[in-house]
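Undergrad: Residue numbers (the working numbering), protein chains in the order written: chain W, 684 to 1094; chain C, 224 to 525.
The set of hints was computed from the structure by calculation and includes no laboratory data. Some clues are possibly wrong.
Some chain W residues close to chain C (C-beta under 7 Å, calculated; not the full set) [claimed, not checked]:
1. G732
2. K734
3. V944
4. N965
5. Q1086
Pair by pair, the computed Cβ-Cβ distance ranges are [as the list claims (entries may be wrong)]:
6. C:A283 to W:G954: 42 to 52 Å
7. W:D945 to C:L326: 46 to 56 Å
8. C:G259 to W:N962: 47 to 57 Å
9. C:F266 to W:D1063: 49 to 59 Å
10. W:P815 to C:L257: 13 to 23 Å
11. W:K883 to C:F396: 37 to 47 Å
12. C:F437 to W:A804: 19 to 29 Å
13. W:A804 to C:F266: 14 to 24 Å
14. W:D1075 to C:F267: 33 to 43 Å
15. C:P387 to W:G954: 27 to 37 Å
16. W:K883 to C:R304: 15 to 25 Å
Chain W residues, not near chain C, derived (Cβ > 12 Å throughout) [unchecked claim]:
17. Y760
18. L810
19. S858
20. T896
21. D960
22. A967
23. V1025
24. L1054
25. G1093
Built from N, CA and C at the ideal position, the CB exists for glycine as well.
The residues making up each chain are set out below.
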Amino acid sequence: MSQHRSGLDALMATVQTRGVSRRGFLRGASLSALALGSPGLLAACGTEGAKQTAESCVSKDLSATEKMLNFSNWPEYIDVATKKVNGQKVTTLPTLEDFEKMTGIDVEYNTDVNDNAEFFAKVRNQLGACEPTGRDIFVLTDWMAARMVSLGWIQELDHANLPNVDANLVENLKSPAWDPNRDHSVPWQSGLTGIAYNAKYTGEVGSMEELLTRADLKGKVSLLSEMNDTMLFMLRITGADPEKFTDEEFGVALDKLQEYVDSGQIRRFTGNDYVRDLNAGNIAACEAWSGDVIAMQYDNPDIKFVIPEEGLGLWSDNMLVPNKADHKANAEKLMDYYYDPVVAARLAAWVNYICPVNGAQAAMEKIDASLVENPLIFPDAEFLSNAMAFMDLDEKTRQQYEQDFSRVIGS
Amino acid sequence: MSVSAAHLGGGEQQQAAAVEPPQKRGVTGYILLLPGALWLTIFFLVPTITLVSTSLYDPAGSVETGYSMTWHWQNYVDGIRDYGVQFGRSLVYALLATVACILLGYPLAYAIAFKSGRWKNLMLVLVIAPFFTSFLVRTLSWQLLLGDNGFLVETLKTLQLLGPDGHLLATPFAVVTGLTYNFLPFMVLPLYASLEKIDPRLVEAGHDLYASPFTAFRKITLPLSMPGLVAGTLLTFIPAAGDYINAELLGTPTTRMIGNEIQDLFGAGAYPVAAALSVTLMAVIVAMVFLYVRRAGTEELV
């Protein structure tokens, strides 16, 4: 561009003789706009509370006229089959397709929930302002479901439309503290948090404390970045009750975690992606979710799941109908359909998480007899007595805890 | 830019027209500016203002109660106090990656520009080829390459270059390697563009004047390739400093960069501090770039 230089210089000289250069003009204009505009704009900002109530945000139900449903779920969380159509392999979702055939409702199934906090960020602006999210059902873990219910973002369900749910929902999930009558939520699947290890690279790891202190595992261990899962075990290690603890106890548990991080024992904090590292042997043992481990065992028999001595973390993912979703009745039909024991068994046989439906265990005989006695899919009462849930936290406390937790896992 | 470009060719006439009244200049240029200005207003100015204002909210707010504007400058102090280490680390990693990119990229760009002959186009395609796959896939591949039981680590252990407990993955080395790899094309392409424009006769002339190859390089090639080097440095350093994918996938809790912290804080709902850190990062980078450009000069960058 240097050959144009003389031309450019000449131009600049010309403009400058008029008093203001182009650059100067632009700079001046933008700076003064900024100076004039921004304090006003900034001060006008601030955000309103995002809490809604049944009165402040009224939803319509168009189910009678629109036979459709938008369903957002986590990846790999529904039964999949491949079949050949015209010589080409296509993946199908058998139970969901049967539902469509049975009811004539057209289901748009999306796997766009990857992380509770991330999904919250995705829909927070719409739900806070009582605007539609374009989804009729989404599936979130207990603590996030609780948060959304307490913000008033979730529609109340009509139990008259949910006879199967009322009849078949397992006893221990009937009344969580955050939704005592299941007025806003229906469990999709439950799961357990425990320890997984790769037997090719290490021997059995029996407790979370062992996982975090054993010298031969140094730098070969990962924990989950979900605060509930990881802090539940930290609270147990420091002698507190994860179902009922105080701020001080949480602080002590967090200091303990900091100690483990500082010791270099923990290699990473992960979401679902520990699966890859554990398979490859980059980590030898880790905190893991039961369903992932069973799914991995199909390809790699060296992967083992252990119930830690401290106990198991128990959680559920829940189907929720957000405000301004237009097809609540259709959504209720789908919820009820998945509480048919046969359908539930078909789903559980594929996703391998804990099935929340009574009667599915009997129905499983015909589908995959090898899974009937699997305690990670159909746990009995004794098994569940080891399980712990994380205390419900209010919005403010959770935010503080999450922030403290993220500071520790990222030091 | 569009204004000056429109007038560039007509510089001489423009000078002649200088005595005429300014209205003659017309509004075409400004109309042409409109789409770009509109775009910048919507997608740069408004988000920036929102970000700055969020960084001054009262951190005691929550999604439930809303955030009120209290001009809480303390957010910045808190952010720097709590995350200063990660801040410094980001700058150091980005700097290391930029230097590595220059060391790897300059010879490569030089070879493509002067020595590649009929392979020139092929080599350029090879530089760009990694962009055909996603950033994430490329970074994940490094997990395989550097894996604890992978070929590279096994070889290094056999050669005694790495202790029996040593590993490459989940170390600062892995993070800087990932950054270097991912941003290398941004260094090579501008360097190539400026090297390619250099007239080889200038170097020949230097040799005729008894300059050694090194002196000729130092006095002719290097200064003439400065625009490419400056552009490449900026294009590498700026995104590398804000990157969090590499630290997330190849690092450990002790190699986290400021991008990871901002991401986590947004996830945890601590919007004011997260926004304050974002603004600080932007300000620090702008200041550094400003100083760098002052020293290196952008006159030739155009």
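Undergrad: Can you list which hints this structure breaks, lowest number first?
TA: 6, 7, 10, 11, 12, 16, 18, 21, 22 and 25
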